[in-house]
Each structure stands twice: as structure tokens, then as C-alpha cells.
Amino acid sequence: MTFIGKDLKVVGTRPIRPDGVDKVTGRANFGADMTMPGMIWGKIKRSPHAHARIKRIYTEKALSLPGVKAVVTAADFPDIAAEEAFAGEAIMDFRDLSRNCMARGKVLYDGHAVAAVAATSPAIAEAALDLIEIEYEVLPFVIDVEAAMAEDAPLLHDTLFTQGVEPKPSRPSNIAKRINFTKGDVEAGFREADHIIERRYTGKPVHQGYIEPHACVAAVAADGQCMIWSSSQGHFMVRQYCAHLLGIDISNIRAMPAEIGGGFGGKTLVYLEPVALALARKSGRPVKIVMTREEVFRASGPAAGSVVEVKLGAKKDGRLTAGEVVLKYQAGAFPGSPVGPGCMCAFAMYDLPNASVTGYDVVCNRPKVAAYRAPGAPNASWGVESCLDELAIELGIDPLSLREKNAARDGTKAVHGPTWQNIGYAETLAAVRAHPHWTAPLGPGQGRGIASGFWFNIGGESSAAVHIAEDGTAAVATGNPDIGGSRASIAMMVAEVLGIPVERVRAIVADTASIGYTFLTGGSRVTFATGMAATEAAERVVEELKKRAAMMWEISPEAVEWRDGMAYPAGPNAGAFEPLSLGEIAFRSARTGGPISAELSINAQGAGPGFGTHICDVEVDRETGAVKILRYTAIQDVGRAIHPAYVEGQLQGGVTQGIGWALNEEYIYDGEGRLDNPGFLDYRIPVASDLPMIDTVLVEVPNPRHPFGARGVGEVPIVPPTAAVANAIYRAAGVRLRDLPMSPPHVLAALDKSDG
Amino acid sequence: MPGLSFIAPTTIDEAVRALASAPGLAKCLAGGTDLLVQLRSGRSRPELIVDTKRIPDLIGIRDAGDHFVIGAATPGASISACAPLCRAWPGITEAVDLIGSQQIQGRASLGGNLCNASPAADSVPAVIAARATCVVAGPEGTREVPVEAIVTGPGQTSLKKGEFLVEFHVPKPAPHQSDAYLRFIPRTEMDIAVVGCAVNVTLGERGVCRDARVVLGAVAPTPILVPEAAEALVGHWLDEETLARLDAAARRASKPITDKRGTIEYRIKVAGVLARRTAAIAFKRAGEC
Amino acid sequence: MKKYHVSTTINGEPVEFLCEPQQTLLDVLRDTLNLTGSKEGCASGDCGACTVIVDGRMVCSCLMLGVEAEGRTVTTVEGIATGDTLHPVQQKFLEHAALQCGFCTPGFIVAAKALLDENPNPTEEEARYWLAGNLCRCTGYDKIIRAVLDAASEMRREAAE
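Protein chains in written order, with numbering that gives the first Met the number 0: chain A, 0 to 755; chain B, 0 to 288; chain C, 0 to 160.
Check each hint, because a few of them may be wrong.
What the hints assert, rightly or not - Below are the PhoX-like pairs computed for lysine-lysine, each with C-alpha atoms no more than 25 angstroms apart in a straight line:
no.: 1; chain 1: B; residue 1: K159; chain 2: B; residue 2: K52
no.: 2; chain 1: A; residue 1: K203; chain 2: B; residue 2: K259
no.: 3; chain 1: B; residue 1: K159; chain 2: C; residue 2: K2
It should be emphasised that the hints constitute simulated quantities derived from the structure, not laboratory data.
Take these sequences, add in the hints, and give me the full structure.
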């Protein structure tokens, strides 16, 4: 059943979220807030080298320290074979994942885990780390992506041969994979062009920067049953990965979802959980491990750094004739950068007759990258959206008109294959043109830029259960950790279907033993896919309620109608009965067949792609290179905003992360390949005083595949900001920045160069 | 940290005795906003921590006639809230206010900012520019030294074993004397200064500069007093030519390093820019008081 | 390791605890007293998730030793509401959807309360600078600032009545 176009009472309103009070009073329990009887503390010994062979690990001294209960190394984990794991938006191999959690044979980056201890206090565990001695043979390392691609670069894995090239290479390489998409005749397209532009754009790795460090508690009972409490984007993922990495039956692991303090893609895999389980198994005690902020930066995430080469050809009127992009992405220590999605996103917004996109997935001695909000897309769009702006300037066309001329619309065949249907990109451009921000006056030293962004959004496996209580209130359980208010949107959709106030629906996140399998919270899929499961489960409950009312009235269920939380006779022929409320039916459910509930597991298809366009005003201090964001408007097709305040919040948060990426965030390495800024002091995420209010415009082109028309919304908004800021800087100061971050020293150097 | 002990003495003598008799490393704890970070990271592994905040002399601000006395452990929030001090030395109080967040202001102190001996300490240039002194207590009694004599290098001070800072003496401004402090950071808050600059000036007849002190931070191993920059100001109005000379003097005096917070070229250039901007504020203030 | 005995007042209640000298007030609150509302995001004073009020001043509890709490008065996020009645800042955070993951929220609640205690009528800029020591990675701060300014006007309205 579809609710699109119907008059809705709950969806589209802004109720208070069900978990809100716990979160403003400090009662909500996050990863590190769990304590168990007999619990001890785990800590991880990490590599000080970017690349080294582990010759020997001495654990005896640590084990003899009073209070130390267990020490584990790679020897305590099975050496598992390569096997690809489906990880949503990232590619993951179980062998690599195991070696990322605990180095085997070699350390591949500064911060790589080598051993772990568990002790009766954090201080003892810390002291024990100092007593673990490791003999290393230090090896040459490589940090930069293009240096890692060189013939003579130090090799991270001698078993890695470049995939996607013919003939199959005979020598190992740091290039894990080469991919290419081609559409039309690229050479002919460039021949047709009146104007060709070719540029190169670079970016450093940036971290997801969630404020909650990774944390977990693991316990193993004498019969082998395991419990894991952790902060993750998917407790079913935690269960599956831990089972695989430690050789435990999935049924023997129960994973409990803690509240999650931010993830943005960075908590879609495990770092600590298998280690805590191994320590718990060895010590017989529950073990808690909490990362320090330094560990978060050195050993988790980040997003890929990249080099992006863009070539565009256009007619004089701005119509694009051809495009070519080469993307080189750092994967970190193991293969699996998001260069694939990057390639698909590069030209996804445009109706381009001829195009070629080539991507390289490159390993180097940095932490393995993890998904970060629209993984791969910001890097590609940083290049393409900047280059389009440069093209607009060279052609003397305004950048909005250039995008309008080339925008993908329904029926456009994208370079990576699909033919677009029901997309709202052109609608976002129309909203830019209509917005007062687009024509607002600017002062001296100020400039305005625009840029667009795209993300696929995904569906996938989701389960939801709706239970009706004896008093007619409802509970809805799903298997997705609530990372940004999804309990509110799920409860709203269920309330809408049941026809009761949202305050009468309690939404919870159920553990792995209490609800059907649910794929992780990522890909902007929860409100879409899990929302679909919850909506359909609620619809089944309504069918059951009608059946029960029919039984009470002794008429056929088809003669019962459900409106506003009440059963009514469908018409005069059905009979004259007083309507029955949900509460009345529930109260008597024991006499009509027992409790009323429905659980549904689906594999949701038809996630609607998302498009957005941003307008950014900046002011540049020509003497210091400082860039101030004066005004920012984010416009996005959201399909249907279930809870508009949380949709706006997704846009505002994504924009702010993008602004951080644009201006100041970067991984800085020293000459020894060690991370030099592993803390919030020098890894500079935006603070409140850096920003203006972030205006949002929610364009609603409904997604026909979702009962309420929803599209995923969380990822698109991080895609446009880097280019929007650069394009604004160009118009404010006359300099084109092509390397991220556009921090004051870089901007000042560019200004100095342009001043001659 | 096995064997770590803690005491919170209530008199100067008690604190001196504890610091002087500690067999290993003993650390003074004022606001703790640097020390606790060092403890946590293992960069500092003391055997004794002496909390100085319960010694009455170290907390509070008082008017001593021709100078202010600021207790070395007085939190920044108290300093910013002291109206007479803000009127007298807006540059000092603004500089203190720039140290970290509002939360850090609840604890961070002038004494701690100085003794942490970071070249980038925000409060130090303005205090030096005001010709402030500090009182050091130690096993041999107390001594009063100019503030610029304390820091000898990054993380290094001239304090001897058993010595600690008791209070700062900040002279009151002469007529038409005022100050300003500016720093450059990549964000608007929460960063360590990439460059800092304090300017303290006294104006004479018709707004001509009679006396000046210019101090730069984060461009050398310690905050540096730049007499050449002061000379560029003395005897002049703040016109374009004076500003250009000041800019050049500040650049010449800067001997920074390249690190994760800025490059040599960037710091040198911004030192000149900040010197000009800070001087403009200080001159304006001095002209108005 | 030697432990120190500390007597203090937390959220209006007298509290005694034992702690090691290197333990921070945040360690003690979370691990000894089970007051896990204060969060550790960085342990270096950069994120503000552990913000508490000590003797009327807000501080990062990760930058204060547990032993220093002797004789002090400490308010944590658990002490901001009065019984079942939320503080206006808490209520406005809910109404404005000023939280997504909610991990930074306790620190923001305490810091915003401290702001409004000191300045009942802050400008947007004053609120932004006061809260610059509290990092939020989810919201872009927009709704947080709106919630704080709205709480301020509500508290002024209540005070005027």
C-alpha cells in the first residue's frame, strides 16, 4: 500500500524522539557505559612503525605483572583464508579484517594492533603494555598514493596482484585494482568539443571524527556462549565478523546494540570486539576495551586520500560533449578503498554522451580506510564539481546554467549504467534559482560558489516487529542501531499506519537474538528499508486488527475498515456497529485468538537516488589566507521527509563535515610515517564559532518504491561542500585551490603566487 | 604510574618543602590543563604532584597601588571577570581569554601557561609586554624576576628544583598607555596559536608613540621581545610607513619552524600582519585612555 | 597503588570515594560512582563531552584529578534536571532536535546551562563562542544554537513572570 499523496497525520510532523529524554539527562548507555560483574580492562599494544616485520613478541613480563589476566597476539586468532565479506558500502576481506584487528607477521601502519592485555584495572593494563617487548625489522614504507603506485615502491603485500588489467600481472604491486566505465566514444566527444579543460585535484585522508571512541564489553560463558555489547553501526555485523574471525558459531554470539555516539560509516566494521572476545575467552572474565582518541585516529577509519584528474569537453554554449576522469584512491594498509563508488558518482549527475572513468585502488602504509558518508563520492565530486566551475568561468557561463544545461533527468542513461527514473536533480537546481540566497548581494572580498552531489542510497535486508500491548499502545523493534533519530522516524511510520499518536508507539533497537537479521545502519538505508519493513509489519497488524473486529462483530473481515486507530463497519451493508478502538480490540485479544503482533523480514529494493545542490558564501582574508563561511544553503531532494527536523539535521551535519574537509581537516604524517596529529587539537573539525546557521531546502520528489516516498538523505550532503567552498573562494579572491585542505597557509600561498 | 603521590599544601613553605625534598620528578599542579594531558599521554611521569591551588597567595587578584597582583594559579575565568584589570590591560585579559575553551578558562592559569613553557602560550607575550614580573618561591626564599626570564626553551624554564611561581606583579598603565594581543589560528577557537603578537604602547603629545614593547609568540623557541619592532613605533604616529617598518621588523625577528600548525614562510608573513593589526588596536586604545 | 580518600558534594549529595592520584574526576565519576552521563571523547580537553560544573565554574572533568574534588561542589549532567522536570535547555534540545547521536549532548547541556546562568541573554555569536569547546560531529551546531537561544528566551520569560 502506498501513502504517497495521502493526507498524513504523523509523517511530516516534528515529534520529540523516543530516546530523547535519556540523551539529555545522561541516562543513555553508549559503548563505554556498560559494566559487568567481574569485568576487567583490555588495552592494545600498537606498532610505532609504519612498516615492519614482527620478529618476536615477548609477553612473559606482562603476564607476570600482578593483576594481568590475559595477553593475546595473532597466535590466539585463527589464520583465516581470504574471503570477501559484504560490508555495504565498503569492500572487506575477512583475512584482511583479521590482520587489521591483530597484525600477523608484519605491521603495516603506525598504530597497527600487535598484542592486547586484560587486567584488573586500566592502570595495570597500561603498565602491562609497556612490559610487552616486540622485536621488529623495520621496513621501508610508503604513505603517498602516487608514490605507492610507482614501480619501485616498497610493497605492502607480496601476494597482491593488480586486478582488472590484461594480461594478468606477473609481479605484485600496491595497486590492488583498476576499474573502468566507458560510455559512448570519448575521443569523438572531445573532437566535437569547442573547449577542453584538464585539471588535477588532490585531497588528504580525513577522519569520520565521531565523538564517541570505539568501545565494547565482551563476555564468554563456560559453555561457549558469548555476549558482546558494543557501539557499532550494526550488531548483526559485529556478530557475523566476530564469529568468522574467531571461529565461533553465530548462534553462540549475542550482540547487544549500545547507543552509538556517531559513526558516519566508520563503525561499519570491527576493531575491538574480536580482541575483547579473545581476551575474555582466555581470562574467563568479561573484558571492556575503550579506544583513546589517539587510537581512534591512528588505527580506525579514515576516508581515502586521493588524486583526481578531470578532463571535460564542451560546446561554446556549455553543452558537455565528453568527460574523462582518473581516480587514484588510498585504501590504506589493505585493499578496499571506495574507488568503485567514486567512479560511479563522478559523472552521475550529468547527461554526458561520451565518458570514461578509471579508478585505482592503492594500498599504502596508513590505517585501512573505512566508509565515510557517501564513501568515495566527495573525492570524485571535489574534482568534477571544481572542474565544471573552472569550465563555466572559461566559457563565460554562470555555473548554475552550466549545470541546468547538462543535468541528468528522468530517462538519462548514467555513465555507470542505470537509466535514471524519478530523480530530483533538476528540481534542486530550480530551487537554487528560486532561492533568495542565489541573488543576495555580496560585499568586497566575498564570493559565492555552488556545487552538486549525488549518492545512490541502498536498501537491503531489514527486519521489524510490531507488537500491540493490552492497552492498545504499540512497540516496534528493529535491528538497526539508531545513529541519528531513526527510532523516531520508524515510530512515526508505524503510528501513521496504525492511526494512533506517535507517543503511543515505543521504538526499540533489538539485539541479535531478538529480531530477524538486519543489515547494518549505513548507505542511508534505515528509514528507507527498515522503515519499509516496519510499515509493512504495521499493515499486517492492521489486517489482523480488522480480522479481530470482524470476529467481535461476527462479520467478514472485508467488511471492516481501519481509520484513525479504529475499526469501522465498511458501509451500511456491513451492519451497524459502534466503532472499536485499537485499545478495545487489544484488551479482548485473548478471546479473539491471542496477542496481536507481526514480524517481517524483507530485502528492500528500490532505494531512490539522492541529489543535492549547495550554495556557499565565503570571505577571504587576503593577508592570512583565512576563509570564513558567511552563509550556506543546502538544497536536496529527500523524497519525503518523515521527520523534517532530523532530515534538516542530516543536511546540516553533512555540510559541516564537508566544510571541515574543505578547510582544515587532514592527516599529517611525519618523516617516519607516523601520524603527527592524532587528536582533536590538531585534527581540526569545525567548532560552533566557525559556522553560520546552515539553511536547508527539502525538495520532495517522492520515491515510488517506498510506502511514504522516502529516500535516504544522510550521505548526499557531504558531497558538494569541498567544491562549493573552492568555487566560492575563487570568486572571493581570484585564486583556484585544487588541493585539500584549503587551510590558511595553502590559501595564502596561492594568493602570494597570484600576486606574483 | 606506580608510586605517584599527591599533596595539596596550604602554605608556600609546605609546598617548597614538598617540591624540594621529592626524590624524583615533582610537578606543580595549578589548573592542570597541560599537566593532565601530559600525564595521560605518558609524556610526563612525575612521582609527586603538588596542587598549589589551596595556598591562598596563589589564588585571586588584588590591587597593590601601583601594580596588580595576580595569583599564579588564578583561573582564567577570574582574570577575565576582573573589571579593573580588563580596563587597565585589555590585551592581557583578552590573551588569557583566548587560552582554550570556556571549560579550560575555568582552570587554566597565568602561572601554568608560563611554566608549561610553550612558545605559543597565549598569555605570555602580553604579560611580558606589560613589563610584569613574577615572584618565585623556593628553598632559598622568594625572588622577583621579569616574566621573560622564566621560559628558556620549549618546555624548559629557569626554575630550579623546589621553586614554583607564587604571583605576578603587573604594573598599572601610565596615562595613554594600553595594550593589545592578537593571535592567528586556523579555526576561530580551540587551536594553538600559529603566531601570537602583543603590543604595549604609551602615547605622548599628538598621539606620537613614546614607549613601546612588542612581543611575538610561536615564531621562536620562546616568546620573544622584539626591540627593533618597538623602535619602529617609538617617535611615530601609526601611519603606513610606520606600519611597514613594524611589519618588516616583526618578520626579521621571526625564526619559526615548520610543523603541523604552520610553515616557516607562513609564520613569518603572518607575524608581520599581526604586528600591524595588533599595533593598530593598541594605539587606538592608548589614544582613548 | 596508594588510594586517597575524598569527600565532596556531587549533584547536591555528599559523596565519599577512594581514588588513585592519577585518576581524573571523569574516571571517578564514570568508573567509581557510576555517573556515566559525562562522556570521554578525547581526554585532552578538546571535545567538552565531559563538562561538569565545579564550584560554579564549568571545567572538563578529564582535566581535573579526582583528588582535587575534595571539599568542592560538583554538578554533572545527571544533576541538571530537577526531579522529573527537565531544565529548559534539556527541553529545548528535545523540541529543536538538537541532537542526533546524543554523545556530545551531556556536555552541551552542562555548558549551555552554565552559559545561561552567567548570561541570560546571549547573542548567537556569544553562544557559539561559549560552546566552541564542545564538539558535535552530527548536527552542524545549527539546531543546538537555536535550542540554547530559545531556552534563554524561555528562561527570561519565566523570570519575568
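Structure-based check of each hint:
With a CA separation close to 20 angstroms, the supplied pair B:K159 and B:K52 stays within the 25 angstroms bound. This hinted pair checks out: A:K203 and B:K259 have alpha carbons roughly 14 angstroms apart, not beyond 25 angstroms. Between B:K159 and C:K2 the alpha-carbon distance is near 30 angstroms, which puts this suggested pair outside the 25 angstroms criterion.
Consistency with the previously given hints fails for number 3 only.
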